[in-house]
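J.: Residue strings, one per chain:
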Amino acid sequence: MLTIKNLHAQIEENEILKGLNLEVKPGEVHAIMGPNGSGKSTLAKVLAGDASYEVTEGSVLFDGKDLLELEPEERALEGFFMAFQYPVEIPGVNNASFLRMAYNAKRKHQGKPELDVLDFEELLTEKINMLSINPAFAERNVNHGFSGGEKKRNEILQMAVLDPKIAILDETDSGLDIDALRIVSEGVNKLKREDNAVILITHYQRLLNYIVPDVVHIMTNGKIIKSGDKTLAYELEETGYENFITEATATV
Amino acid sequence: MTLAPYREVKQFEPSANTAPAWLAAFRKNAYESIQKNGFPSRKQEGWKYLNLEPILSNVFAENTKAEELNLNDMLLEDAYQVVVQNGKINTTLSSSDLPQNLVVCSFEDALKNYERELETCINLSQAETLNSFEALNRVHFQDGLFCLIQKETKLEKPLQILIANSSAETDAVFYPRLYVVANEGSKANILFTQVGKSNAKTLCNLATYLFAKENSCLELVSYQDETEKNYSLANNFVFQAAGSAVNWTTYTHSCNVIRNETKVAFTGKSASTNINSLCLLSGENEVYNHVTVEHRVGACTSQQLSKHILNGKARNEFNSMSHIFEGASLSDSQQMSRSMLLSDKARIFSRPQLRVYNEDVKAAHGATIGQVSADELFYLQSRGIAKDEATSLLVYGFAEEVVETIADKTMRAFIEKHVQRDLREVVSTEV
Numbered sequence: 001m002l003t004i005k006n007l008h009a010q011i012e013e014n015e016i017l018k019g020l021n022l023e024v025k026p027g028e029v030h031a032i033m034g035p036n037g038s039g040k041s042t043l044a045k046v047l048a049g050d051a052s053y054e055v056t057e058g059s060v061l062f063d064g065k066d067l068l069e070l071e072p073e074e075r076a077l078e079g080f081f082m083a084f085q086y087p088v089e090i091p092g093v094n095n096a097s098f099l100r101m102a103y104n105a106k107r108k109h110q111g112k113p114e115l116d117v118l119d120f121e122e123l124l125t126e127k128i129n130m131l132s133i134n135p136a137f138a139e140r141n142v143n144h145g146f147s148g149g150e151k152k153r154n155e156i157l158q159m160a161v162l163d164p165k166i167a168i169l170d171e172t173d174s175g176l177d178i179d180a181l182r183i184v185s186e187g188v189n190k191l192k193r194e195d196n197a198v199i200l201i202t203h204y205q206r207l208l209n210y211i212v213p214d215v216v217h218i219m220t221n222g223k224i225i226k227s228g229d230k231t232l233a234y235e236l237e238e239t240g241y242e243n244f245i246t247e248a249t250a251t252v
Numbered sequence: 001m002t003l004a005p006y007r008e009v010k011q012f013e014p015s016a017n018t019a020p021a022w023l024a025a026f027r028k029n030a031y032e033s034i035q036k037n038g039f040p041s042r043k044q045e046g047w048k049y050l051n052l053e054p055i056l057s058n059v060f061a062e063n064t065k066a067e068e069l070n071l072n073d074m075l076l077e078d079a080y081q082v083v084v085q086n087g088k089i090n091t092t093l094s095s096s097d098l099p100q101n102l103v104v105c106s107f108e109d110a111l112k113n114y115e116r117e118l119e120t121c122i123n124l125s126q127a128e129t130l131n132s133f134e135a136l137n138r139v140h141f142q143d144g145l146f147c148l149i150q151k152e153t154k155l156e157k158p159l160q161i162l163i164a165n166s167s168a169e170t171d172a173v174f175y176p177r178l179y180v181v182a183n184e185g186s187k188a189n190i191l192f193t194q195v196g197k198s199n200a201k202t203l204c205n206l207a208t209y210l211f212a213k214e215n216s217c218l219e220l221v222s223y224q225d226e227t228e229k230n231y232s233l234a235n236n237f238v239f240q241a242a243g244s245a246v247n248w249t250t251y252t253h254s255c256n257v258i259r260n261e262t263k264v265a266f267t268g269k270s271a272s273t274n275i276n277s278l279c280l281l282s283g284e285n286e287v288y289n290h291v292t293v294e295h296r297v298g299a300c301t302s303q304q305l306s307k308h309i310l311n312g313k314a315r316n317e318f319n320s321m322s323h324i325f326e327g328a329s330l331s332d333s334q335q336m337s338r339s340m341l342l343s344d345k346a347r348i349f350s351r352p353q354l355r356v357y358n359e360d361v362k363a364a365h366g367a368t369i370g371q372v373s374a375d376e377l378f379y380l381q382s383r384g385i386a387k388d389e390a391t392s393l394l395v396y397g398f399a400e401e402v403v404e405t406i407a408d409k410t411m412r413a414f415i416e417k418h419v420q421r422d423l424r425e426v427v428s429t430e431v
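Residue numbers (the numbering used here), protein chains in the order written: chain A, 1 to 252; chain B, 1 to 431.
Since the hints were made in silico from the structure, they are not lab data. Some hints could be false.
As the list claims (entries may be wrong) - Listed next, the in silico SDA-like pairs over lysine to any residue satisfying Cα-Cα at most 20 Å (straight line): (1) B/387 <-> A/68; (2) A/18 <-> A/3; (3) B/387 <-> A/3; (4) B/387 <-> A/229; (5) B/387 <-> A/194.
As the list claims (entries may be wrong) - Ranges between beta-carbon positions, derived for each pair: (6) A/237 <-> B/387: 54 to 62 Å; (7) B/371 <-> A/246: 45 to 53 Å; (8) A/119 <-> B/156: 55 to 63 Å; (9) B/387 <-> A/193: 45 to 53 Å; (10) B/71 <-> A/193: 42 to 50 Å; (11) B/142 <-> A/136: 23 to 31 Å; (12) B/72 <-> A/136: 34 to 42 Å; (13) A/91 <-> B/347: 46 to 54 Å; (14) A/136 <-> B/123: 54 to 62 Å; (15) B/101 <-> A/130: 24 to 32 Å; (16) A/91 <-> B/357: 47 to 55 Å.
By construction, the Cβ of each residue, glycine as well, lies at the ideal position given by its N, Cα and C atoms.
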């Protein structure tokens with residue numbers, strides 16, 4: 001579904017991704033863990049099409065298409081979704097209208113008829129209930145004045161409405177209290193199917209108690225240096241990144 | 001009429017007519033003030049950004065054949081309508097079912113039935129000349145609109161006053177003149193719609209006088225959208241008596257050149273005014289907005305919120321003065337100007353000012369200038385919303401604050417519809 005080969009990316013001449021490889025298949029949950037500054041968030045933003053980053057080498061194939069050739073909105077329409085680490089506040093734009101606009105853009109892209117306000121409201125209410133979100137969310141402006149936890153939940157709500165093929169969640173667990181973490185994780189689990197995939201970027205093994213990954217990657221200095229099953233996360237929690245980094249350097 | 005460059009028009013004396021003596025004197029005084037002051041020039045602070053040369057050197061006829069009007073798109077549903085076409089009321093296009101306590105008529109009729117009321121209005125406006133263009137209107141207006149909302153009347157439906165100027169062939173000038181009197185305790189919602197449709201260049205020299213009597217409440221909305229061949233010089237006066245409340249929102253979209261000068265004078269205590277404006281401009285549109293609020297007496301509140309969204313090579317000026325007179329204790333005055341530039345070549349001149357001659361008042365002013373936020377744009381795009389549409393959404397989010405100040409639902413929906421429609425055009429315009 002997603003094949004990243006030798007991906008190099010930089011921001012203002014500063015290389016962050018230094019030859020990253022990753023393969024994600026339908027139905028899989030991947031977790032990417034790594035110390036601060038290892039390039040995890042950069043990976044998410046580059047995949048989403050953030051224009052502040054320049055890809056200098058490598059390729060990303062998403063469902064057979066060259067992802068890097070697409071505009072950010074085209075990536076979304078093709079089924080790519082990133083949950084932002086810091087969701088942007090947009091005062092003056094109503095959450096429900098924004099979601100309907102995004103949803104209809106996708107329907108249009110798929111050649112399906114757009115939903116009118118009432119039909120969309122029904123769909124939105126269903127998603128809101130499924131994720132145990134406060135219905136008042138819909139009528140507020142996008143993330144404006146939301147608490148950290150509310151913003152993260154709003155990201156998951158967007159994911160639920162847009163129903164992407166692949167979602168990359170950039171530290172969606174950070175800044176959440178235990179209850180919020182549980183709600184967000186349950187939401188992600190409910191959206192999980194055999195034909196879609198999730199990449200979790202996280203610092204903490206804690207999230208992985210709620211969302212069980214098929215593959216865990218350790219990322220440092222712009223590359224994935226080790227991959228394994230979920231036990232790798234427990235190992236990491238006990239020993240820290242240091243050992244893995246030393247080990248990886250030794251094998252090079 | 002004589003055909004000569006517009007700068008010559010100041011030589012034309014008011015023609016001798018059968019009007020009452022007070023009206024003849026009013027015109028003559030105006031004529032003398034033009035002789036004394038001449039036309040404004042760029043050396044004057046209030047006129048420094050506007051090039052008057054294309055207006056002054058052009059030849060405009062005073063009487064011209066009007067074009068057929070199609071106002072369908074401009075009509076407010078479920079409202080009383082009055083059409084002032086080329087300076088005169090067009091009765092065929094206006095509603096005939098006005099309620100009894102609302103008088104809307106031509107000056108000619110007002111002179112017959114409401115001479116005393118009209119004279120009072122004209123005498124009150126006598127001392128308030130804003131500039132020579134406004135004085136020219138005094139000399140040259142042929143007819144106008146007189147609107148009287150009777151005491152304690154609460155108008156059920158909004159009144160829409162359409163100011164439509166058109167000329168089929170010749171370049172032409174129009175002098176619409178409007179007097180609106182909201183008597184004691186009355187309440188009304190009025191939508192002014194200024195539209196122009198012409199094959200030729202037109203100049204609309206508009207003068208509007210509003211008298212909000214004690215405890216009256218007026219919600220006014222102006223919509224200005226004219227063709228690229230139009231010039232519009234509008235001068236507005238608002239006289240507010242004690243306890244009156246005026247909420248005036250102006251939405252300006254496209255026109256060759258528009259200059260609006262608005263003066264609000266508080267003449268009685270505990271009155272309040274909100275003067276809000278939204279400009280949505282592209283191409284080579286030029287809009288110059290000047291507002292003066294005079295707190296002549298104390299305990300009055302004035303608020304101004306002005307938003308400007310500019311693309312292309314549009315030029316926009318916001319020049320506002322809040323003047324708190326000596327002795328006007330407990331005055332409260334707020335001015336805020338916010339601008340969003342969508343292109344490198346658009347220009348905004350923003351100047352909120354205060355003149356405070358009394359202690360014991362609240363006065364604040366501010367101005368911001370920015371662009372569409374790249375982070376917000378990326379966020380929307382990452383959800384599948386195309387760049388132009390995402391920009392429209394963000395720009396509307398910026399503009400909405402002004403639209404929301406319109407309390408009357410029908411008028412708000414009208415403006416909202418036009419802003420939404422115009423927005424797409426302005427945002428997608430390539431420079």
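J.: Now look at each hint and say whether the structure bears it out.
T.: Here's how the hints hold up against the structure:
As the CA atoms of residue 387 of chain B and residue 68 of chain A are separated by approximately 17 Å, the hinted pair is consistent with the 20 Å bound. Taken as a hint, the residue 18 of chain A and residue 3 of chain A pair is honoured in the structure, with Cα atoms around 16 Å apart against an allowance of 20 Å. For the proposed pair residue 387 of chain B and residue 3 of chain A, the alpha carbon gap of about 27 Å is over 20 Å, so the pair is violated. Proposed proximity of residue 387 of chain B and residue 229 of chain A is contradicted: the alpha carbons are some 40 Å apart, above 20 Å.
With a C-alpha separation of about 32 Å, the suggested pairing of residue 387 of chain B with residue 194 of chain A is violated against the 20 Å cut-off. For the hinted restraint 54 to 62 Å between residue 237 of chain A and residue 387 of chain B, the CB-CB distance of approximately 42 Å leaves it violated. In this structure the supplied range 45 to 53 Å holds for residue 371 of chain B paired with residue 246 of chain A, their Cβ-Cβ distance being about 47 Å. Between residue 119 of chain A and residue 156 of chain B the Cβ separation comes to about 35 Å, which falls outside the hinted range of 55 to 63 Å.
A hinted range of 45 to 53 Å for the beta carbons of residue 387 of chain B and residue 193 of chain A is inconsistent with their spacing of about 31 Å. Between residue 71 of chain B and residue 193 of chain A the beta carbons are some 55 Å apart, a value that contradicts the proposed interval 42 to 50 Å. At about 57 Å, the beta-carbon gap between residue 142 of chain B and residue 136 of chain A misses the expected band of 23 to 31 Å. One distance hint, 34 to 42 Å for the beta-carbon pair residue 72 of chain B and residue 136 of chain A, holds here, with the actual separation near 40 Å.
At roughly 25 Å, the beta-carbon separation of residue 91 of chain A and residue 347 of chain B lies outside the given 46 to 54 Å, and the hint is violated. The supplied range of 54 to 62 Å is met by residue 136 of chain A and residue 123 of chain B, whose beta-carbon atoms lie about 56 Å from each other. Between residue 101 of chain B and residue 130 of chain A, the C-beta spacing of about 56 Å breaks the proposed range 24 to 32 Å. Remark: the range hint 47 to 55 Å for residue 91 of chain A to residue 357 of chain B is contradicted by a beta-carbon distance near 37 Å.
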